[in-house]
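Following the hints, complete the assembly by docking chain B onto the known chain A.
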Amino acid sequence: MPEEIRPAWSQHFTADAIQELLAQGPFAKITPEWAWGDSTGKGIRVAVVDSGVEYDHPALDDCVRGGVVVEYDAKAKDNYRIKPDDKPADVSGHGTACAGIIHAIAPEAEIYSVRVLGRNMGGRAIQFAAGLDWAIENDMQVVNLSLSTSLEEFFGLFHDLADQAYFKNMNLVSAVNNLPEPSYPSLYSSVISVAAHDGKDPFTYYYNVNPPVEFGAPGIDVEVAWNKGQYLVCTGNSFAAPHITGITALIRAKHPELTPFQVKTVLLACAANTKRQK
Amino acid sequence: MNPNDNINEDKLSEQLQRLFVSIEASGRAILPRSNDVLLKSIVDAAARIFGSAAASILLVNEEQEALEFKVSTGEADHDLVGTMFPYDKGIAGYVFMTGQPIATSNVKEDKRFNQDFAKSTGYVPNSILATPLISSDDRVIGVMEVLDKLDAKSFDMHDMELMGLFAQQASMAIEQSQQIDEIEEALVRGLKRLVKADKSQDSSDLQAALDQALSGENNSSDFLALADLFNEVSALGEAERKACFQVLQTFAEYRKTTSAPRRFR
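Line order of the protein sequences matches chains A and B.
Be aware that the first sequence starts at 1, since it is given in the working numbering, and climbs by one per residue.
Be aware that the second sequence starts at 1, since it is given in the working numbering, and climbs by one per residue.
Chain A extracted, bound-state conformation (with noise of 0.2 angstroms):
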């Protein structure tokens, strides 16, 4: 049996690759139980940018808030239009298979469709900053982000965002790269990023004593929702963050005090690989 390779990012959750870690006083007496325990996620706002969310699609259950489609238009200011979009459809399914593995998990948070992709060509980077600046003055308070751009040139303006939802209060949750490449917004420290692992269980996630990537979730040979309410099994670190948004959310509704690095410290505690030392 040759030995397995992973791709750069996802390389860190192996079963050899992962390290136990050690929680010890206050830390140790966070559990998953106390964490996200009987919660639903219920009233909490969560974004999905992507390439918008079926709002009929039979796994969402109605989840599905509203949203806004957000087109590239070289003519408009700061070459964007955003026009509002109560009954998303998706252009790919791919959106759709995030919110199907936010909603498995956090059955009553709120999701709102930010569809970002579309048929143009060179603006992607630009409606995925807009998209996730929609987010942030829009009060979400979990943001699904499974994209990225590799364009150096956005790095400032990513970064910013970033800070921003930080500030905000928010949580964003960002899958990294499938190629061994840098990627923004997940590279940054404010940002929970995910990479795959090739577990099933929705709950079980592991954390990583080396960043720049910091959680591993399920994301390989996932059964997903599709568009044209289809479903399909998918490999990627896209289907890996979603399993994290979902807990975030979960946690966030039981816990509405913490804040964004509380939130952080929470899913550290509770991850797989975390040893409670009581």
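Quick caveat, the hints were computed from the structure, so don't treat them as lab data.
We put the beta carbon where it would ideally sit given N, CA and C, even for glycine.
Keep in mind that a hint or two might mislead.
[As the list claims (entries may be wrong)] Derived contacts from chain B toward chain A, CB cut-off under 10 angstroms, selection only:
1) Ile91
2) Val95
3) Met97
4) Gln100
5) Ala103
6) Leu150
7) Asp156
8) Glu161
9) Gln168
10) Gln169
11) Arg255
Okay, now just chain B, sitting in the frame of chain A:
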């Protein structure tokens, strides 16, 4: 008009034709053309490397705002070559729009599964791994797919990473071969401009020959505009040339400083 002019023009026209052929040939010598040998060799290699039953490449066709099915190997239907798929349809469309690879499986067993796949790949496979072809300036120029992993039920993360690296190489080759076409076109446009500017003799045949050579896509206008600008500046004088050089150099420096750190490479 002197009949000798006609003869001379015919000769010139013939020489130019020969020149175009040799320009094209030199391009071919360096790299195979994007639309045949090169693409075929890439999909053949991809199918072999990833242990898949088939592989295919779709390239962006900006005029049609679609992904054009360019080449396939294995079971995938060769009749599909030339078919256009809108940017926002199917798995290839998703990969094009996000610039991210994706792997899916259980496609055939799943009754709920749809026609988009079949339409975009020629047949309904059990598993698909689709990866963007990204140019050096970060545009998605196409999508490469491998279909049906032979010794497993799905493509894994290892395949996804390797395919990403392979696609980088493929993109470079495709891009370079497209650039050869553009340089060729820019040369012809330059010649056409010279012929037009020469009012001393009738050159309608020659112009027609050049138009014929240009009857493909027009990608070279930026190239030519830049060349014109350099031409203009170089005619101005040394002080102007220096000033222009400094502006360009400052811009290049500025781009370096606005780049993000590469700590995570």
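Here is what the structure says about each hint:
Checking B/Ile91 against chain A: minimum C-beta separation of about 8 angstroms stays under 10 angstroms; hint holds. With its C-beta approaching chain A no nearer than about 9 angstroms, B/Val95 sits inside the 10 angstroms limit, and its interface hint holds. For B/Met97, the interface hint holds, the least distance from its beta-carbon to any beta-carbon of chain A being 4 angstroms, beneath 10 angstroms. For the restraint placing B/Gln100 at the interface with chain A, the shortest Cβ-Cβ distance is roughly 6 angstroms, inside the 10 angstroms limit, so the hint holds.
Look at B/Ala103: its Cβ gets to within about 4 angstroms of chain A, closer than 10 angstroms, so that hint holds up. At about 16 angstroms, the closest approach between the beta carbon of B/Leu150 and any beta carbon in chain A exceeds 10 angstroms, and the interface hint on this residue is violated. The criterion of a C-beta within 10 angstroms of any C-beta in chain A is met by B/Asp156, whose closest approach is roughly 7 angstroms, and the hint holds. Hint status for B/Glu161: holds, given a least beta-carbon distance of 4 angstroms to chain A, under 10 angstroms.
Hint status for B/Gln168 relative to chain A: holds, with the closest Cβ pair at about 8 angstroms, below 10 angstroms. Because the beta carbon of B/Gln169 sits about 13 angstroms from the nearest beta carbon in chain A, more than 10 angstroms, this interface hint is broken. Against a cut-off of 10 angstroms between C-beta atoms, the interface hint on B/Arg255 holds, since the closest Cβ of chain A lies about 8 angstroms away.
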